[in-house]
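Q: Sequence:
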Amino acid sequence: MKRKIFSSLLLVAFLCASMSMFVSCKDYEDDINANKDDITALQNQLADLQTTLSNELSSVRSEFNTQISDAKAQLQAAIDQKADQATVTALEARVATLEGDLAAKEAALNAKIDAVNEAVTGLDGRLESVEEALATITAMTGDFEELQKTVNDLKGRVEALESLDIATIAREAVEKDLEAQQKALDDFKQQIADADYQKQIDNLKDQIEALPTADDLKDLADKLEAYDIENIEKRVSAAEEAIAELKSSLSDYATVTSVEELKNALQKQIDDLNTTVNGISENVNTLTVFVDKLLNSIALVPDLYVDGIEAIEFQSLYYQPMVLNKGVLEKAPGQAVWCDNGLAEATYRLNPSAVPLENIDSENIEFVAATAETRGVLANSPVEFNGIKSYENGLMTVNLKKTDAYTNVNNVEGEAGKIYIVALKVPRYNSDKKSTTDVYSENSRLVQTNFTPVIARLNPNAEQHFNASDPMHHYSDSVTIYNSNVDNNELVAVELYYNEKHDLKEYLTGCYLNAASKHTQITKDELKKYGLALRFAIPSEPYKKAADNTTDQQQFASVTADGIISSKTPAGNTSNLASVGKEPIVRVMLCDTVNNKLVDARYMKIKWNQKTLEDVQLADHVSEEVLACGETTADLKWDWIIDEVYAKVQDEGLDQKTFEKIYSFNDIKIEKMSPAPINTFAAPKMINTENEQGDALAGKWVLTDDMIGYIPQTDKVKTFVAKITFVSGAPAQYPDLVMYWKFNIKLPEFPTIAGYNNTYWENNNYDFHYVYPVQYGTDAAKTMVEYNYPLEQAFAKTAKWGNADFFIKNMGECYSWDLQFAAEQSIEGYGVNGYTTNYEPCTQTVEYTSFNGYKLFKNSNEKALQINWTTTSNAGTPYVSWQGDHDAKINLYAAPHITANQGLLNELKQADDSKGIPQKTSDKKVYLNMWAKINSHNYVLVKKYAVCFVAPIRVNVTSNGHFEEGIAGSTESTVKTANLAKIVDFRGYTVAEKAGTSQFDKDADKLWKYYDVTEKKFDVSKAKFGFKVSGGSVVADGDLNYNEAMSASELSKLTSGGVNLSLSMSSDESEIVFKNNGGTDVTSTFNIFIPVTVKYAFGTITEYIKVPVYPRGQVK
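The sequence shown runs contiguously to residue 1285 in this note's numbering.
Rather than coming from a laboratory, the hints here were simulated on the basis of the structure. Source: prediction; values computed, not measured. Not one of these hints is a red herring.
Per label pair, the in silico range of CB-to-CB distance: (1) N1002 <-> S1199: 52 to 62 angstroms; (2) V506 <-> D472: 22 to 32 angstroms; (3) E561 <-> A280: 32 to 42 angstroms; (4) Y666 <-> H643: 23 to 33 angstroms.
Below, computed lysine-lysine pairings styled on DSS-like, alpha-carbon distance capped at 25 angstroms: (5) K951 <-> K1163; (6) K462 <-> K602; (7) K806 <-> K892; (8) K1264 <-> K1094; (9) K776 <-> K714.
All residues carry an ideal CB built from backbone N, CA and C; glycine is no exception.
Working from the sequences, and respecting the hints, build out all of it.
A: Laid out in structure tokens, this is it:
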């Protein structure tokens, strides 16, 4: 029993120490609450800015709309008073300017409002994340409290036994380990406390106060979004997991019966805690490295492996001295030469790669070394750090230098086969920017290799400058090159201009075989470190290898010892044309300048050439013209030729006359370049004239409409390019001159609607208006109703087209216009067959040739509607398209008794005013496109809008008659059919077989014929009665409709025959008779719904007439 108590004592001691190691959840909660307050403050500032911007937008709109209205009123007044054109134009310009200014200001303010809205949305998301983190910490706090309570309970149980010796012994047994863990966790808490979390929040607060504008607030929101809420969540999660592990560990001690068992259990807990702490520490280290960009590790990027081990290579020069014996390279007598400069370099990869150079202490980088034999650290490293060569993209290349003890040793492995290994130690600055931590690379082996360099070719004109597979990689020996032919480009290493000096070293480098027997370049600069240099000479032995050539090629070149070569003649004249084509041989020698010995010798042949001048690129000549009618023309003036062409050659000493002799007009070459296909348009023409004044024409480019074709409306420009070459008559001295003539043809300002007649349109967006049937009694009315609606009346002729008034502005003299059904319609089953494609010029970039949308079809083959044109020259001709006539009239026509057009009608609703005019509806829309045709290749969609066909008539469902329940025999209840189902037309006039006397009834019979009403029929067999089942009873309900009401049989069945109602039609169909054939009276008023069908010129209307039935004696 005592052992259990003592064990519990030790457990409490452990838990108390462990609990103190964890970061308080309250610290996290305070930080997150502060963050939440910052976000809320931001939201409030953004809300204020939203209000300010919205108020400013409303104010701008109000101010500009007032000015626009006043300007339009002045414009209309000027038009009405027939003011002069200048006044009208000025007023039109003012209206357009005001509208443009309003649009610009609206766009600017809306952009600011959008930016603020986007910032608000981002802050909402951040606030939600912070609140979720706060909820997590709140829950975690409860776990802490529960665990603390458990610990306190255990602590109380053993409090009285703390003085026992065995408890002290047990504590001492684990005290050392607990102190170590306590320190590790305290360090972890300090790392969290020192993290830059609060610093980031403070920085954000400072930025909040300095950012009053919408753009600045958006930037701030972006920064807040970048704040790493996820790090908080990860740390909270780690703390939760640690709590869970501690809580779980309590159960491990429930069965402990001895101190030894307790010690073992505690040791296991300590080991587990060590693992947890190490994991947390690694995470904190990783986070710290990432945030502060602290160097975490370095690794060698090896160029060489020895026995599978990464190695740093020191190279020593080794060669057998050579001599030239009649041009042949031979070994010289004596010993080989060995030379070591004691230098090397190595490249290391940094982790993380973004570590800046200022985050490492580069002054104290050093190499540390050991021997593989003893594995002991050497007092003196065989190599030392010799500076940083390069530092970029996460790679650091450092210079190494052998130390004094090894400077004269040609084997870094040293004595007795020892292998030396080194590691690079890099001190990195810690977060405080003062203290440092040493970061070591892995050990790498030092190796010493020897190399023997030879002369190699460097070809700056080739894609691969150093190429071991090049046949002339090592140039040639003397025998081979002297046996090569002249004038056959045999073994010619490079062609050089005869009138220039050249540095042959540009074509030479060094080469050696590395450890893998691979040809490896060693540059001239690297050779110089070993005291090696290139020397040059012209061999004195004559070279004239050709059957018909006895000229010694060697007499046509001179070269300095440093490799500067120039041409000459045998007489010593330099830069003479006589050198052109000659192929002298040059001897190249690699010399040890320290020991005055020859390392290698090779021979290269050059060829003197005459310089072929490159074409001189002149500035582009760009012409910009608006697409014209018929032909569009661009001009090239002489002032451009003088400024851009003559000016280019004046530097060469040419005057204008000499220029024209060298660059003959007859030799000018013109090529069409684009757009493809180039055979579809004409090339520009140059003009030969003696008048070379600035404004005189030097060239002209004429393109017809067909050549230009379609101009994409997205870019609004099409560019034609021609290349013009002024061909030189003396190409050796003067190059060809090349210019590009770019002809940009722009679309004109698009035609747009000039004005609207507001009376016809249903809203200020001008997106739809109603189409009415031809009204009876008007001049346009025929014997039967039809639709023949003049569409142009919805637009106001407030612009000029030529000398005439028109409702489309920006119309050119060669333009035409049209109005057609849109290719895509919203009513299912209806479309236009005449279109070859659903072409919308504002969105397509391909040329369109023709389309025809004057008929609207149902199901592709039933004609429903038609657009009819009448013009001054084609009066009465249907659908004549593309009108150039501003007086053209365009009507939307629908004929009676055409089933296809009946699905387009919008039904009339019950009248809601004293005039009795039915209400219009607009559920069904037919879409029209108004076009402007610039030419046969370019069309502009001026306006797309909808029309709604108003149905000619409606049937009123409210009855003028009634029935009375309980009337039988000869006095049974009846209603005159003439009093039921009144028909009215779209203007509110009565349509009936007999005329009345009132203003709206007097022509009823004539309208009956005009609308061709052929049937008005009541179907009493399908009548329904206004009853429903409620609470188990059948009751009358005045709010029911036809579909909700009951049939007579349903009612009779539900009342067991007690209520047996019926309707019948009189023999002459003039009356409808109501009877209750059951034995039960109906004591509540109810409605009877009687179907009525009306057939007329534009289809069939079915309605349900609601006739009230009153209990006997209660008729109202």
